[in-house]
Amino acid sequence: MITIFGVPSAALFGQLLLGLINGSFYAILSLGLAVIFGLLNIINFAHGALYMMGAFVAWMLLNYLGIGYWWALILAPVIVGGVGILIERNYIAPLSFSDQRQSFVLIGATAIGFLVLSFGFSLSATLAFVGAAVIGVAAASIYAWKRPSQSSTVHVDHLYGLLLTFGLALIIQGLFRNQYGVSGLPYGIPPQLAGGQQIRLFDAPIMFMPNYRAWVIVASLIVCLATWFMIEKTKLGAYLRAATENPTLVSAFGVNVPLMITLTYGFGVALAAFAGVLAAPIYSVNPNMGADLIIVVFAVVVIGGMGSILGSIVTGFTLGLVEGFTKVFYPEASSTVIFVIMVLVLLVKPAGLFGRAS
Amino acid sequence: MANATTAGAALPADTNIPTVLHEPRGTASFHLKVFIGIAVALVIAPFVLYPVFLMKVLCFALFALAFNLLLGYGGLLSFGHAAYFGMASYLSAYSAKVWGFSPELAILTGTATAALLGLVFGAVAIRRQGIYFSMITLALAQMVFFFCLQAKFTGGEDGIQAVPRGRLFGFINLADDRVLYFVVAAVFLFGLALIYRIIHSPFGQVLKAIRDNEPRAVSLGYRANQYKLAVFVLSTTLAGLAGALKAIVFQLASLTDVHWSMSGEVVLMTLVGGMGTVFGPIVGAAVIVAMANYLATLGAWVTIVQGIIFVLCVLLFREGILGLVARWVKRPL
Amino acid sequence: MMRKLGTVIAAALAASCAGAAQAQVSVKLGVLNDMSGLYADISGPGSVVAAQMAVEDFKAAEKGIKAEIVSADHQNKPDTGSTIARRWYDQDGVDVILDVTTSSVALAVSEVTREKNKIFMPSGGGTSDLTGEKCTPNNVHWTYDTWALANGTGAAMTKKGGDSWFFLTADYAFGAALERDTSNAVKKAGGKVLGAVKHPLSAADFSSFLLQAQSSQAKVIGLANAGSDTINAIKQASEFGITQGGQNLAGLLIFSSDVKALGLKAAQGLVLTEAFYWDQNDATRDFSKRFAAKFGGKMPTSAQAGVYSSIIHYLKAVEATKSKDTAVVMAKMKEMPIDDPLFGKGSIRADGRAIHPMYLFEVKKPEESKGEWDLYKLVATIPTEEAFRPIEEGNCPFVKKG
Chain A
101 MITIFGVPSA ALFGQLLLGL INGSFYAILS LGLAVIFGLL NIINFAHGAL YMMGAFVAWM
161 LLNYLGIGYW WALILAPVIV GGVGILIERN YIAPLSFSDQ RQSFVLIGAT AIGFLVLSFG
221 FSLSATLAFV GAAVIGVAAA SIYAWKRPSQ SSTVHVDHLY GLLLTFGLAL IIQGLFRNQY
281 GVSGLPYGIP PQLAGGQQIR LFDAPIMFMP NYRAWVIVAS LIVCLATWFM IEKTKLGAYL
341 RAATENPTLV SAFGVNVPLM ITLTYGFGVA LAAFAGVLAA PIYSVNPNMG ADLIIVVFAV
401 VVIGGMGSIL GSIVTGFTLG LVEGFTKVFY PEASSTVIFV IMVLVLLVKP AGLFGRAS
Chain B
7 MANATTAGAA LPADTNIPTV LHEPRGTASF HLKVFIGIAV ALVIAPFVLY PVFLMKVLCF
67 ALFALAFNLL LGYGGLLSFG HAAYFGMASY LSAYSAKVWG FSPELAILTG TATAALLGLV
127 FGAVAIRRQG IYFSMITLAL AQMVFFFCLQ AKFTGGEDGI QAVPRGRLFG FINLADDRVL
187 YFVVAAVFLF GLALIYRIIH SPFGQVLKAI RDNEPRAVSL GYRANQYKLA VFVLSTTLAG
247 LAGALKAIVF QLASLTDVHW SMSGEVVLMT LVGGMGTVFG PIVGAAVIVA MANYLATLGA
307 WVTIVQGIIF VLCVLLFREG ILGLVARWVK RPL
Chain C
6 MMRKLGTVIA AALAASCAGA AQAQVSVKLG VLNDMSGLYA DISGPGSVVA AQMAVEDFKA
66 AEKGIKAEIV SADHQNKPDT GSTIARRWYD QDGVDVILDV TTSSVALAVS EVTREKNKIF
126 MPSGGGTSDL TGEKCTPNNV HWTYDTWALA NGTGAAMTKK GGDSWFFLTA DYAFGAALER
186 DTSNAVKKAG GKVLGAVKHP LSAADFSSFL LQAQSSQAKV IGLANAGSDT INAIKQASEF
246 GITQGGQNLA GLLIFSSDVK ALGLKAAQGL VLTEAFYWDQ NDATRDFSKR FAAKFGGKMP
306 TSAQAGVYSS IIHYLKAVEA TKSKDTAVVM AKMKEMPIDD PLFGKGSIRA DGRAIHPMYL
366 FEVKKPEESK GEWDLYKLVA TIPTEEAFRP IEEGNCPFVK KG
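Chains as they are written, first to last, in the working numbering: chain A, 101 to 458; chain B, 7 to 339; chain C, 6 to 407.
Just chain A, with the same shape it has in the complex:
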């Protein structure tokens, strides 16, 4: 058998295939981050938490409503995307408003809601908090709807968007931790995809490939390509790209830019939730599952070039491969290799591999 650096080539091939599977998760997640960053200019730190939420929604659908994996694959992104839309409208958008009234309504209603629910209805603190968040968001939405639209003139720093979404991530993860513990919950592989195939290359067995993993690659490729097509080749995508370049000009053409921003955030978040559902059967469904991943996904986005759609897809898959390679030769470093690459790339190409220098 041919060996490469002392590792049988068949085994190496298997490892690279596995790397590609991990790469699919990086690709979907970084794609969502890139879409959001492109239009909102915000590094969405809550991405990991919403990925986790996607997995949990799939679990809840199954255990509370008896809805299985395939429907969850559609429903969970829709539900989490909806949550994302509410977050954007009530938390992120007001960042660039010139006054803070909507935020005061939001925080005030949330606080009152919490007091009423926890003391008036003696709900557990976690549930009361979730209920209060719903009340707060509802109140702020009604308030925003009743008053004339806010012109978003204030330029917001990256930093505030990042800190805000970081805070939201802490809250979301904490609530899930309170309700479901940290050990995680079981979620099985859908029966249609159970089992696997023995992959052979010239009759030499390479590895046992579970059907589900093959499905992960296929599903993520489809989603990534569809997103890329939508953004680069359709009219809607053209608006989106134009709004990224110059929002004022686009809104002058009669396009509702704030709505587009909101929907984009919802879409980016839905992608994260989709990745979450894909991950549920193979990774432990626990509240911390996104926290460990988010930093790596950031690195992927930066290496690909902030806001670059194609960049994040290609880099996602490529870094999965690189990681897979590292796991064979220097497994301890497999979580650090991405950061080494990031420093090198940023030093050589400051705007990332696919980014345009500003």
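Worth flagging that the hints you see were computed from the coordinates, not collected in a lab.
All residues carry an ideal CB built from backbone N, CA and C; glycine is no exception.
Check the hints yourself; a few may be wrong.
Some residues of chain A that are not near chain C, with every Cβ distance over 12 Å (derived) [claimed, not checked]:
1) I121
2) R201
3) S222
4) V234
5) A238
6) V350
7) P387
8) T436
9) L444
Dumping the calculated DSBU-like pairs for lysine-lysine here, alpha-carbon to alpha-carbon at most 35 Å [said to hold, decoys possible]:
10) B:K103 / C:K123
11) B:K103 / C:K121
12) C:K71 / C:K197
13) C:K299 / B:K158
14) C:K327 / C:K123
15) B:K158 / C:K33
16) C:K270 / B:K103
17) C:K329 / B:K103
18) C:K339 / B:K103
19) C:K329 / C:K350
20) C:K71 / C:K299
21) C:K321 / C:K71
22) C:K299 / C:K337
23) C:K327 / C:K350
24) C:K270 / C:K382
25) B:K158 / C:K270
26) C:K327 / B:K158
27) B:K214 / A:K449
28) B:K158 / C:K71
29) C:K192 / B:K158
Example chain C residues on the side facing chain B (calculated, C-beta under 7 Å, incomplete) [what the hints assert, rightly or not]:
30) P83
31) D84
32) Q96
33) E116
34) S328
35) F403
Following the hints, complete the assembly by docking chains B and C onto the known chain A.
Coordinates of chains B and C only, in the frame set by chain A:
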């Protein structure tokens, strides 16, 4: 947020950080009063509050002050300050425990390590701006974390435990919490005064000019990168001093100190206290450390409360606690 | 004059209070652990419930002991843990700290306890260094330690025919210690170790490492990691058909809460060592059902049960000596045999190790399970004298001297 509406491209130019370029008259004497107030509070505090808790606050306050020097006055957001804090803490612990260094030498060793690390990393990082600068610092810090995890001398996740506090200058016994407290307080005051001097020196003025408009500063003949590197190294050195002190106070150095969440925590402290205020990070550190200590019985709610504070700060009090106070007393703090 | 009178009255009051205090000992017990992170389900809030049950069951108040429980979250940070421990000892008058998951925090608390000369009874914290090289006269290590788990699983699996091993080791000191101790047990029992792969901490994907383990053709894959790492590894091993292919998985640090999280479908056949399982006998079942009633229907883990038992033993010693002086109580605890409904008969050795039988369990197949919490079947009982590391191998400094 006077300059909030000015259009700009990269992070340093369009930050909403209140500028302290134009200080009203009498600010210096006001700040002197604040200084004296802090010094008096530091003397009284250990008789009212628990000294170990106070020392923790002081270490983190110094760390946050160092971080704020870079962010508030250099306009550079580092996501990897835990690396300098943590490495200094390891080196100080290791030299005190294994090489038998006296505490002052151990702290010096740790601080020097952070300075050296800052020089190397800074030289790499300051070549990029805005969010790319932040990501490079984060990536470098992740590598330091990996190194600390792998290296034998750090003791892995057990950390370096049972570090002797020793005798300062050979005759001051630091085993007594109160004695150690006054040493820490003195170092803290020294750090605060140093940072205050840096901010108000000609060097600090050039920094602020670079932060607000780098091309203009360059066109005036200032070598922006040299200034940035200098403030980066100053910041990492002081962060290292904080980390080295902490190792002696708690008699341990561990992976927590180099983990990226520590870098996040120092951002939180600075944000809560008030970015770009001189004294804000002290308040921020006090609030966050007090929360971690006194809300510990709340269990999982600590992180939720932290998240709520983040959200509240960003949505409602973007200028932080001292920013609000400063607006109220109409003087920069 | 008035002032003088006041002083006299105050002195008299103080004296009478002191008199009352002699009749009644009041102790304060601090449960310090991870309430929100990685290990919150292993000990966490459940340990506080167990501690309260211990005080109630002991009927401390009737026996002249006023026992109060405080608790806190150390967030897995050694400095937070040591600050809380110092504050508890210095300011809040805590006499004993219990549980303390996470080895780095446990070691930090152990140092503080020694310095303040109080008592530390770890249950959730597993590093065998607590009664080994870093032992102190103030520690009583309850429930389990890494050596006991490694030895139990390693030796028993090897004797059952699983005589070639491959390790998946979390890349940190704790994982390395588990791997080292298990390797020694395997070799002593006549098995051999074919290799190991180190993976980074909290790596979500284990398929690559599992594949390396698979191609080693070892009979047993030892998981020298913890928490979500172990859960992910087991989940993916089942996905890749590793257990179906004839290789066995051995969890070296896994608790019933982890198995519950995995589900029996993924975890079936897994072999592990624990000090306690709720469904062992009438006494454990009775305790566990009362515990579950107070704790949202969750059965106690061995770490939580350990908190309960260690408090009972401590209170017995306080009752017997009518004192809470550290040296007196420690001497009594070490002298008194353990006779515990949950952990059986045992004793506390000079190095502070509480010894009792350990049990080798196998996770049931889904069709064997009769209920939500019916998780394990007993494979072997490891007798008390073999379950823990012999005292002379621990290199505990103060034991060697004495």
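Okay, the hints, checked on the actual structure:
A beta-carbon of chain C comes within 12 Å of the beta-carbon of A:I121; the shortest separation is about 7 Å. With a minimum CB-CB distance of about 34 Å to chain C, A:R201 clears the 12 Å threshold, and the non-interface call stands. Its beta-carbon lying about 16 Å from the closest one in chain C, A:S222 satisfies the requirement of being farther than 12 Å from that chain. In this structure A:V234 is separated from chain C by more than 12 Å, as the shortest Cβ-Cβ distance comes to about 23 Å.
Once the 12 Å rule is applied to beta carbons, A:A238 is consistent with being away from chain C; the minimum gap is 29 Å. Residue-level check passed: A:V350 sits 39 Å from the nearest beta carbon of chain C, beyond 12 Å. For A:P387, the shortest C-beta to C-beta distance to chain C comes to about 9 Å, within the 12 Å cut-off, and the non-interface label is violated. Distance check on A:T436: its Cβ comes as close as 8 Å (rounded) to a Cβ of chain C, failing to clear the 12 Å threshold; non-interface status is violated.
With 12 Å as the threshold on Cβ separation, the claim that A:L444 sits away from chain C holds: the shortest Cβ distance comes to roughly 20 Å. Among the hinted pairs, B:K103 with C:K123 is consistent with the structure: their alpha-carbon atoms are about 24 Å apart, no more than 35 Å. As the CA atoms of B:K103 and C:K121 are separated by approximately 20 Å, the hinted pair is consistent with the 35 Å bound. This hinted pair does not check out: C:K71 and C:K197 have alpha carbons roughly 54 Å apart, beyond 35 Å.
Among the hinted pairs, C:K299 with B:K158 is inconsistent with the structure: their alpha-carbon atoms are about 45 Å apart, more than 35 Å. Between C:K327 and C:K123, the direct Cα distance comes to roughly 16 Å. Compliance with the 35 Å bound is thereby established for this hinted pair. Among the hinted pairs, B:K158 with C:K33 is inconsistent with the structure: their alpha-carbon atoms are about 39 Å apart, more than 35 Å. Between C:K270 and B:K103, the direct Cα distance comes to roughly 49 Å. Violation of the 35 Å bound is thereby established for this hinted pair.
Using a Cα cut-off of 35 Å, the hinted pair C:K329 and B:K103 holds, with the two alpha carbons roughly 33 Å apart. Distance restraint check for C:K339 and B:K103: the Cα-Cα separation of roughly 32 Å lies within the 35 Å cut-off, and the hinted pair is therefore satisfied. A C-alpha spacing of about 24 Å is found between C:K329 and C:K350, which places the hinted pair at or below 35 Å, so the restraint holds. Restraint check for C:K71 and C:K299: satisfied, since their Cα atoms lie roughly 22 Å apart, inside the 35 Å limit.
Between C:K321 and C:K71 the CA atoms are separated by roughly 13 Å; this keeps the pair inside 35 Å, and the hint holds. Taking the CA atoms of C:K299 and C:K337, the gap is about 32 Å. The hint holds against a cut of 35 Å. With a CA separation close to 24 Å, the supplied pair C:K327 and C:K350 stays within the 35 Å bound. Proximity of C:K270 to C:K382 is assessed by CA-CA distance (about 15 Å); at most 35 Å being required, the pair is judged to hold.
Straight-line distance between C-alpha atoms of B:K158 and C:K270 comes to about 40 Å, which puts the hinted pair past the 35 Å bound. In summary, the hint linking C:K327 to B:K158 is not supported, as the alpha carbons are separated by about 47 Å, beyond the 35 Å threshold. Taking the CA atoms of B:K214 and A:K449, the gap is near 28 Å; set against the 35 Å cutoff, the hint holds. In summary, the hint linking B:K158 to C:K71 is not supported, as the alpha carbons are separated by about 46 Å, beyond the 35 Å threshold.
With a C-alpha separation of about 26 Å, the suggested pair C:K192 and B:K158 falls inside the 35 Å cut-off, and the hint holds. Satisfaction of the interface hint for C:P83 is found here, the shortest Cβ-Cβ separation to chain B being roughly 5 Å, below the 7 Å cut-off. Checking C:D84 against chain B: minimum C-beta separation of about 5 Å stays under 7 Å; hint holds. A hinted interface residue such as C:Q96 counts as satisfied when its beta carbon comes closer than 7 Å to some beta carbon of chain B; here the least separation is about 6 Å, so the hint holds.
Taking 7 Å as the C-beta cut-off, the interface hint given for C:E116 holds, the closest approach to chain B being about 5 Å. For C:S328, the interface hint is violated, since its Cβ never comes within 7 Å of a Cβ in chain B; the closest pair sits about 27 Å apart. Because the beta carbon of C:F403 sits about 14 Å from the nearest beta carbon in chain B, more than 7 Å, this interface hint is broken.
This entry does not satisfy hints 1, 7, 8, 12, 13, 15, 16, 25, 26, 28, 34 and 35, going by the numbered hints stated previously.
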